[in-house]
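The chain contents come next:
Number of protein chains: 2
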Amino acid sequence: MVQYQAQRLDRTFGALSDPTRRAILERLGRGRATVSELAEPFGISLTGMKKHLQVLEDAGLVSTEKVGRTRWCAVGPQDLDEVQQWIVGYRLMLEERLDRLGELLEDMKGQES
Amino acid sequence: MVQYQAQRLDRTFGALSDPTRRAILERLGRGRATVSELAEPFGISLTGMKKHLQVLEDAGLVSTEKVGRTRWCAVGPQDLDEVQQWIVGYRLMLEERLDRLGELLEDMKGQES
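First to last, the sequence lines map onto chains W and F. Numbered as in the working numbering, the first sequence ends at 323 without a single skipped number. Numbered as in the working numbering, the second sequence ends at 323 without a single skipped number.
Chain W with its partners taken away, still in its complex shape (with noise of 0.2 Å):
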């Protein structure tokens, strides 16, 4: 389960990691889009984007369907809640061994007065 998990955040932190496909996903929040109408803004080649879209689809972040001879792409079905816990929480720690060293330095100060 842990392992599943793990390889999913891999999944999903590799396909943000190219800055097309995070426009593909802000391009696609605003609705549907086939592939031909995603390929052209971006001036990339049908092939390139059937590979984002790949990657994007592996890991959850799109979803396709086919209608007589059109794809449609669309987010989804991940929402990016388990990247956001794993960020959120790293944070977390951040800030709570921050408070720990102020804790620190005020009871240093408070032994040298």
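Calculated from the structure, these hints are not laboratory results. Positions of the beta carbon are idealized from the N, C-alpha and C atoms, including for glycine. Check each hint, because a few of them may be wrong.
Unchecked claim - Chain W stretches covered by chain F per the calculated footprint, using a threshold of three residues with CB under 8 Å from any CB of chain F:
| id | stretch |
| --- | --- |
| 1 | 224–235 |
| 2 | 283–290 |
| 3 | 300–313 |
Fit chain F to the supplied structure of chain W, relying on the hints for placement.
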């Protein structure tokens, strides 16, 4: 400026896409450590650990300092603030879309009755 920020997001998300690198950050969050101290519990070579640390250092997630013959590693200076902002912004956009969809469904129900 925007370009620079995008590259920083690329590097940060890329650095976080590996389970060993996330575990290194969690370990350093509890306090600084030498490269050898980090390598041992993970069961990886010093060379392997140095490669992971380089990726984390390039993303600003880890800083290292050489004292005599020992290299100390610590968290920072980056605190994942930008990454969290991107994720929160994306999730807000998804939520707003769901809200609009909900309103649309309510309107449709209203027209039916």
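Results for each hint:
Here the stretch 224–235 of chain W counts 7 residues with a CB under 8 Å from a CB of chain F, which clears the bar of 3, and the coverage holds. With 4 residues having a beta carbon nearer than 8 Å to a beta carbon of chain F, the stretch 283–290 of chain W meets the requirement of three or more and the stated coverage holds. Counting residues of the stretch 300–313 of chain W whose beta-carbon sits less than 8 Å from any beta-carbon of chain F gives 5, enough to reach three: the coverage restraint holds.
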